[in-house]
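Protein sequences, first through last, are from chains Z and F. In this text, residue positions in the first sequence follow my numbering: the first is 1, and each later residue adds one. In this text, residue positions in the second sequence follow my numbering: the first is 1, and each later residue adds one.
Among the hints, erroneous ones may be present.
In this list, chains with the same sequence are indistinguishable; a pair is considered to hold if it fits within one copy or across any two.
[Unchecked claim] Here are the simulated lysine-lysine pairs, DSSO-like style, with alpha carbons at most 27 Å apart:
#, residue 1, residue 2
1, Lys110, Lys24
2, Lys120, Lys110
3, Lys25, Lys223
4, Lys110, Lys165
5, Lys404, Lys361
6, Lys28, Lys55
7, Lys88, Lys28
8, Lys25, Lys55
9, Lys223, Lys361
10, Lys24, Lys63
11, Lys394, Lys404
12, Lys88, Lys110
13, Lys394, Lys361
14, Lys88, Lys120
15, Lys88, Lys55
16, Lys63, Lys25
17, Lys55, Lys24
Note that these hints are calculated values from the structure, not bench results.
There are 2 protein chains.
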Amino acid sequence: MALIVQKYGGTSVGSLERIQNVAKKVSKFVDEGHQVVVVLSAMSGETNRLTEMAKTMQARPSKREMDMLLTTGEQVTISLLSMALQEKGYGAISYTGWQIPIQTDEVHTKARIDSINADKIHDQLNQGKVVVVAGFQGVTANGDISTLGRGGSDTTAVALAAALKADECQIYTDVDGVYTTDPRVVPEARRLDTITFDEMLEMASLGAKVLQIRSVEFASKYKVPLRVLSSLTEGGGTLITSEDNNMEKPLISGIAFNRDESKLQIRGVPDKPGIAFALLGPIADANIEIDMIIQNQGQDGTTDFTFTVPRGDRAHAHEILEGIAQVLGAREVIFDDSIAKVSLVGVGMRSHVGIASRMFKVLADQNINIQMIATTEIKISVVIKESELESAVKSLHQQFELDKV
Amino acid sequence: MALIVQKYGGTSVGSLERIQNVAKKVSKFVDEGHQVVVVLSAMSGETNRLTEMAKTMQARPSKREMDMLLTTGEQVTISLLSMALQEKGYGAISYTGWQIPIQTDEVHTKARIDSINADKIHDQLNQGKVVVVAGFQGVTANGDISTLGRGGSDTTAVALAAALKADECQIYTDVDGVYTTDPRVVPEARRLDTITFDEMLEMASLGAKVLQIRSVEFASKYKVPLRVLSSLTEGGGTLITSEDNNMEKPLISGIAFNRDESKLQIRGVPDKPGIAFALLGPIADANIEIDMIIQNQGQDGTTDFTFTVPRGDRAHAHEILEGIAQVLGAREVIFDDSIAKVSLVGVGMRSHVGIASRMFKVLADQNINIQMIATTEIKISVVIKESELESAVKSLHQQFELDKV
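Next up, chain Z with everything else stripped away, as it sits in the complex (with noise of 0.2 Å):
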């Protein structure tokens, strides 16, 4: 007997037959003789249509009143569902956050977690039941509802999960694991069995949206084996654990990659200490975040400043970056949009030389130019022309053999 906590997501919960489907799915792990917590998001939709109302009232909504609106969502779909578990013949109750309690920080449509009391989703489990959990939401010191922002409900499930001390945190997804890289680029990538929370933040934050960002590192926290699989499909989807040094480790577990940067270049800067934050703080300022940073000293006393922003914010970037130009005296600067990020992810890195070079040669093979490159203990980046994308994962995932076990 395990203590389970499985997280089903909009599209999960999408219709009464749908929600009918989950109480099917929980039934089977009970008959089983587990114990099930499920945390339910809203059903797909709901959090727009409600949110399109909140603006017809308010042109810029009040977060607080927001927070009470949006986690009615969550409140339709645990009370549906325990109904279809009761009607199946199982014991159900619904909580919603505040109930458990869920206790939050007070930043409303993006809260913390403080707490969790199990005491409640204990006793119920102890009587046989099945503890139906609204996700995304929690309650405020003050009493007032508050909300973990978009994808809250993983989060809520793994700290749920961490709280119950749960043998297993199961999340439920439109796609049934975690693959070597995307199927719809490279039709040869395989799911992965297992993966290392470590590289499973590397490939979530390179978009591969499998889980929120927050959930992973939650669960690398609080050491929750966390499981992504199908609400549709069978199968036993993808482990991600804390690293194990017995396991035979891959080099490489897959490949990341994102569309969604743009470059940025500022040249010929006068080089002077403190030169750096000049630069880039104001950007920071800005809320851009700021992922690869180059910099290239010239000859002449100047130095080149290259960094990628997200491709929304390259206007205002832009805009900034001109102004300190002009007060720095820099010759120019100038962006590329049209620019796309590889990474190859893996723990079997760490213990292994020469992937970098051969990564390098891969794409040398291919005629594809590096523009820039950046490396972390388990992670190799490179920045590419966005044409070349597709051809570069290809060949890095057969020269890799990714599509091999």
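With chain Z's structure known, arrange chain F on it following the hints.
Chain F only, in chain Z's frame:
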């Protein structure tokens, strides 16, 4: 400056535009310097929509989960109205039942209010805010969400007004007040400026369903001045108050009627002590509400019983009565579905004799036969043929000069 509790029903908040209208109405009172607490129902149609969903999930939906589901309806309207008020530049904050808290007993779907903590509301009012409270809902000692049953938002408003010691509780509906009788039957029917709680209770229980009886009883008990008025038009509506001895009481305040009853008669019952209980006990046990009762002693040692029940319960009551008739050896059981009850209501009756005889004369002049008569201190009711109802109400309205102030 007064403290006013205003309640708007489902029709008044039935669309985003109507919610904006409510914001406008509320803001007018704030501009006049009043402190305003607003109680809202769910958008019209929403409760039915949610109920249908529940029935798809569970043949007989769990009452606890039903309350969890339905209370999302008001949570949506209170947040939207708060936003609309804020957009107009007014401070506003919404509260659900559990946030106040409005403590109820544990009877899900028809809970009764145990207590209300008014502190939070007073705090917010003193900060100059409009406080928007979800009607219909509360919280049990256990921390479960409860509801007060259909029409419970009126009860919430009155209970809040009592707890806050409000100067007035205004119930906004789709009618503009309480009338001397139904204007669809008597076009000359006149809106009453004031009516006493006792009269209102008699009017309401007879089918003049402007207000939920429970909220009137509550208002009467806690002496909360209650005003019924229209959310769509201007006008002072009808003020319902405790009886004022200095007030010049009209003889008759209004004429109520009810077409929804049936008459049952059991004839030739051997007359002996306890016979009334033997007959009526089983009817009451079946949860059938008996309204008027008449016993008529015959000369042959037998007696006849005549009583009225809601028309929908007549078949069931008849069946029970047939069984009893057999046991007691009664002669026969007959029924009549085509009856109607007409009642004159007025606190002025207490100090005036002869109202009944005047009523009987008016009906006799119209050739209307009276089948049953019942009286209370402030009401005279007669049962007549349903087909003669309209002409009875019209003649009485005219003869008692209810169209004149």
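Quick rundown of the hints versus the structure:
1. Lys110 / Lys24: So Lys110 and Lys24 fail the 27 Å test inside a copy (32 Å) and across (31 Å) alike.
2. Lys120 / Lys110: both (25 Å within a copy, 25 Å between copies)
3. Lys25 / Lys223: within (25 Å within a copy, 55 Å between copies)
4. Lys110 / Lys165: Classified as within; 25 Å inside a copy, 38 Å across copies.
5. Lys404 / Lys361: Classified as within; 21 Å inside a copy, 101 Å across copies.
6. Lys28 / Lys55: Classified as between; 23 Å across copies, 42 Å inside a copy.
7. Lys88 / Lys28: Classified as within: same-chain Cα gap 11 Å, cross-chain 52 Å, threshold 27 Å.
8. Lys25 / Lys55: Between copies only: 21 Å across chains, 37 Å inside a chain, cut-off 27 Å.
9. Lys223 / Lys361: neither (38 Å within a copy, 88 Å between copies)
10. Lys24 / Lys63: between (36 Å within a copy, 22 Å between copies)
11. Lys394 / Lys404: within (14 Å within a copy, 91 Å between copies)
12. Lys88 / Lys110: between (36 Å within a copy, 26 Å between copies)
13. Lys394 / Lys361: For Lys394 and Lys361, the Cα distance is within 27 Å only inside one copy (14 Å; across copies 100 Å).
14. Lys88 / Lys120: Result: close within a single copy only, 23 Å intra versus 42 Å inter.
15. Lys88 / Lys55: between (40 Å within a copy, 14 Å between copies)
16. Lys63 / Lys25: For Lys63 and Lys25, the Cα distance is within 27 Å only across copies (24 Å; inside one copy 35 Å).
17. Lys55 / Lys24: Answer is between: at 18 Å across copies they meet the 27 Å cutoff, but 37 Å inside does not.
In this structure, the earlier hints numbered 1 and 9 are contradicted, and the remaining ones agree with it.
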